[in-house]
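Protein chains: 2
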Amino acid sequence: MSRFSVRRLAAMKPYIPGEQPQDRKYIKLNTNECPYPPSPRVLEVINNNELSSLKLYPDPEAKVLREALAEYYGVKPSQVMVGNGSDEILAFFFMAFCDEEKKVAFPDITYGFYKVFAKLFGVDALQIPLREDFSIDVKDYIGIDRNIVIANPNAPTGLYLPLEDIERILRSNPDHLVLIDEAYIDFGGRSSIELLPKYDNLLICGTFSKSRALAGARLGYSIGTPEAIEDLNKIKFSFNPYNVNRLTLLAGKAAIEDREYFEDCRAKVIATREDTARRLKSLGFELTDSKANFLFARHPKLSGEECYLKLKEGGILVRYFDEPRTRDYVRITMGTPEEMKELMTYNNIDRCIEVQ
Amino acid sequence: MSRFSVRRLAAMKPYIPGEQPQDRKYIKLNTNECPYPPSPRVLEVINNNELSSLKLYPDPEAKVLREALAEYYGVKPSQVMVGNGSDEILAFFFMAFCDEEKKVAFPDITYGFYKVFAKLFGVDALQIPLREDFSIDVKDYIGIDRNIVIANPNAPTGLYLPLEDIERILRSNPDHLVLIDEAYIDFGGRSSIELLPKYDNLLICGTFSKSRALAGARLGYSIGTPEAIEDLNKIKFSFNPYNVNRLTLLAGKAAIEDREYFEDCRAKVIATREDTARRLKSLGFELTDSKANFLFARHPKLSGEECYLKLKEGGILVRYFDEPRTRDYVRITMGTPEEMKELMTYNNIDRCIEVQ
Numbered sequence: 001m002s003r004f005s006v007r008r009l010a011a012m013k014p015y016i017p018g019e020q021p022q023d024r025k026y027i028k029l030n031t032n033e034c035p036y037p038p039s040p041r042v043l044e045v046i047n048n049n050e051l052s053s054l055k056l057y058p059d060p061e062a063k064v065l066r067e068a069l070a071e072y073y074g075v076k077p078s079q080v081m082v083g084n085g086s087d088e089i090l091a092f093f094f095m096a097f098c099d100e101e102k103k104v105a106f107p108d109i110t111y112g113f114y115k116v117f118a119k120l121f122g123v124d125a126l127q128i129p130l131r132e133d134f135s136i137d138v139k140d141y142i143g144i145d146r147n148i149v150i151a152n153p154n155a156p157t158g159l160y161l162p163l164e165d166i167e168r169i170l171r172s173n174p175d176h177l178v179l180i181d182e183a184y185i186d187f188g189g190r191s192s193i194e195l196l197p198k199y200d201n202l203l204i205c206g207t208f209s210k211s212r213a214l215a216g217a218r219l220g221y222s223i224g225t226p227e228a229i230e231d232l233n234k235i236k237f238s239f240n241p242y243n244v245n246r247l248t249l250l251a252g253k254a255a256i257e258d259r260e261y262f263e264d265c266r267a268k269v270i271a272t273r274e275d276t277a278r279r280l281k282s283l284g285f286e287l288t289d290s291k292a293n294f295l296f297a298r299h300p301k302l303s304g305e306e307c308y309l310k311l312k313e314g315g316i317l318v319r320y321f322d323e324p325r326t327r328d329y330v331r332i333t334m335g336t337p338e339e340m341k342e343l344m345t346y347n348n349i350d351r352c353i354e355v356q
Numbered sequence: 001m002s003r004f005s006v007r008r009l010a011a012m013k014p015y016i017p018g019e020q021p022q023d024r025k026y027i028k029l030n031t032n033e034c035p036y037p038p039s040p041r042v043l044e045v046i047n048n049n050e051l052s053s054l055k056l057y058p059d060p061e062a063k064v065l066r067e068a069l070a071e072y073y074g075v076k077p078s079q080v081m082v083g084n085g086s087d088e089i090l091a092f093f094f095m096a097f098c099d100e101e102k103k104v105a106f107p108d109i110t111y112g113f114y115k116v117f118a119k120l121f122g123v124d125a126l127q128i129p130l131r132e133d134f135s136i137d138v139k140d141y142i143g144i145d146r147n148i149v150i151a152n153p154n155a156p157t158g159l160y161l162p163l164e165d166i167e168r169i170l171r172s173n174p175d176h177l178v179l180i181d182e183a184y185i186d187f188g189g190r191s192s193i194e195l196l197p198k199y200d201n202l203l204i205c206g207t208f209s210k211s212r213a214l215a216g217a218r219l220g221y222s223i224g225t226p227e228a229i230e231d232l233n234k235i236k237f238s239f240n241p242y243n244v245n246r247l248t249l250l251a252g253k254a255a256i257e258d259r260e261y262f263e264d265c266r267a268k269v270i271a272t273r274e275d276t277a278r279r280l281k282s283l284g285f286e287l288t289d290s291k292a293n294f295l296f297a298r299h300p301k302l303s304g305e306e307c308y309l310k311l312k313e314g315g316i317l318v319r320y321f322d323e324p325r326t327r328d329y330v331r332i333t334m335g336t337p338e339e340m341k342e343l344m345t346y347n348n349i350d351r352c353i354e355v356q
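Protein chains in written order, with the numbering used here: chain W, 1 to 356; chain C, 1 to 356.
What the hints contain is simulated information worked out from the structure, not anything from laboratory work. Do not take every clue at face value.
Since the list gives no way to pick out one identical chain from another, each pair is judged satisfied if it fits inside one copy or across any two copies.
Below, a list of computed lysine-lysine pairs in the DSSO-like style, where the Cα atoms sit at most 27 Å apart [stated by the list, open to error]:
| id | residue 1 | residue 2 |
| --- | --- | --- |
| 1 | K13 | K268 |
| 2 | K253 | K25 |
| 3 | K139 | K301 |
| 4 | K63 | K13 |
| 5 | K63 | K312 |
| 6 | K253 | K341 |
| 7 | K341 | K115 |
| 8 | K310 | K253 |
| 9 | K103 | K13 |
| 10 | K139 | K13 |
| 11 | K119 | K312 |
| 12 | K310 | K139 |
These figures come from a predicted structure and were not determined experimentally.
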């Protein structure tokens, strides 16, 4: 730390991204990326003409992309904004809607970035414990005097909260925003977007990093009432008006328009998840009922760290979270069927157990 | 505004980017972009293989790009960080180094975003008036109890502050950071980077949007002591670890390595500036001594707004700033020689004056 930094910098606890070791080639099942490349249309739209146009700033309104998103999700363009990944959208949410008075609540086990943002922006964050089985007890969120952030499906558990439960939370907190982070919604849940006409305190965010295979392009979006989106835009235009680059604007539009490719990819990922879950269970693993593109698994005979280390030795990266309630588990991103076969071979998962 | 926004949102005054009207084709001389496309190497490195790899997150450390920047600028990689445009770097500067206690100062006429950030992050900002001729009076910056931000060359005046003056400011403010924003340094000034070994309170930021023709890719950088860079990184990893996308990481490296193309581009822009300045003067325009890729010009016979409107009618976009001290001026980005010829034709600049 330099002697020039502000006092609260010392207290910040930055997010730790999944590792990207360069020492050898790994099968990467640790950051919930898509195992398939982006839509072929993405490759088509990024041509030499567009690369030459990189000399020009992107459209700060992201008009064309927002229109494509609005059409896909059945809302108005004024209900959509886009960001440099959904992490930026989440940061803007904290900046626009949370402060000393407007506090926030989220589950104790969820996407690790929520508490990083709370710390960064000095917002009081109530971390509500999940039940023993990692499910959300909706009663804990009824009429609490705070904004609420819920990842649905949740990470790293993959558990999905039905819309009826989200409605109960929305109804009982009419004066606070409920942000539903739908990073993984395409792998098995119903989007809360359909609730928007009924609840003006609902805000949704999503990402192109998972089901749209564009983690490297950085694209997130938020969908809500025009008023809430206007607030987010005010932050965006006070922070970084050109926050989404030209090529990502193009890639995002191409990806959202190629519905067939998208449906094919997510169907494959879901099939891989169901197949992998079955195989892991037959090896004695216990799994949560994940509706995401990853599985959250533990084995009675070994800790999360042991499993992680042994798989890494075998050339496979998974993620484990060294926290009291999650350290028995590993989170395994769904790769291609070939990659999952590799995971299952004697030298990998099986060996993890046998050497105990 | 929604009823959920934080109180201080109402007081924020977002930055207004240069207009991008879609009603017809304009010659765009309003946002200081480069008139030439990025290096051909940028087009080469963004190939189908890299587009397929968009499914993977970018390197949050931006290691390869930071190494290329470090080599180019003769510093260590630990002295370099990169952002989603230099706007994001500037935002991180305010977040890491400015708060209620650590205030900031900058000229009254400069890049309009500094005061937007001060408002956004609730930082007391002293706007120090430039002299009548828009030059900085260094005496105003001696031993002031604040961080200091100076765009060098300044915008929209293009005036360059010699390094001796920057040294005086650095020496007299040893306990505060002096951020030199070098967005336009490649068009005629000496970079303050050479002062880094002598002053640990110096921080520099720069952009690929101007001299590197990558405004659409969004890439900025900061260079300073390893300690200050570590502070900026702490903010980055608390805000958006994957802040620079994969293709921009590649494009940036290719652009910084193609020194020949870079030298050629900037020489052409400088030649165009000198030529255009001469022509404008012969038409009665008064100009500041711009060392940037734009000219700041006024004509005794017409206001900035009139000049802007008449040029827009003629299909040419320039920018004017409707503030007390600058509203007589227009800021004209240097285009290609052909575009500047268009600007000079009877239907454009000449006509602006004649119809008065």
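Taking the hints in turn, this is what the structure says about them:
1. K13 - K268: Intra 37 Å, inter 47 Å, cutoff 27 Å: neither.
2. K253 - K25: between (32 Å within a copy, 23 Å between copies)
3. K139 - K301: So K139 and K301 fail the 27 Å test inside a copy (34 Å) and across (71 Å) alike.
4. K63 - K13: between (35 Å within a copy, 22 Å between copies)
5. K63 - K312: between (44 Å within a copy, 22 Å between copies)
6. K253 - K341: neither (34 Å within a copy, 37 Å between copies)
7. K341 - K115: neither (36 Å within a copy, 56 Å between copies)
8. K310 - K253: Close neither inside one copy (41 Å) nor across copies (36 Å); limit 27 Å.
9. K103 - K13: Both: 19 Å inside a chain and 24 Å across chains, each within 27 Å.
10. K139 - K13: neither (30 Å within a copy, 40 Å between copies)
11. K119 - K312: neither (32 Å within a copy, 47 Å between copies)
12. K310 - K139: Classified as neither; 40 Å inside a copy, 64 Å across copies.
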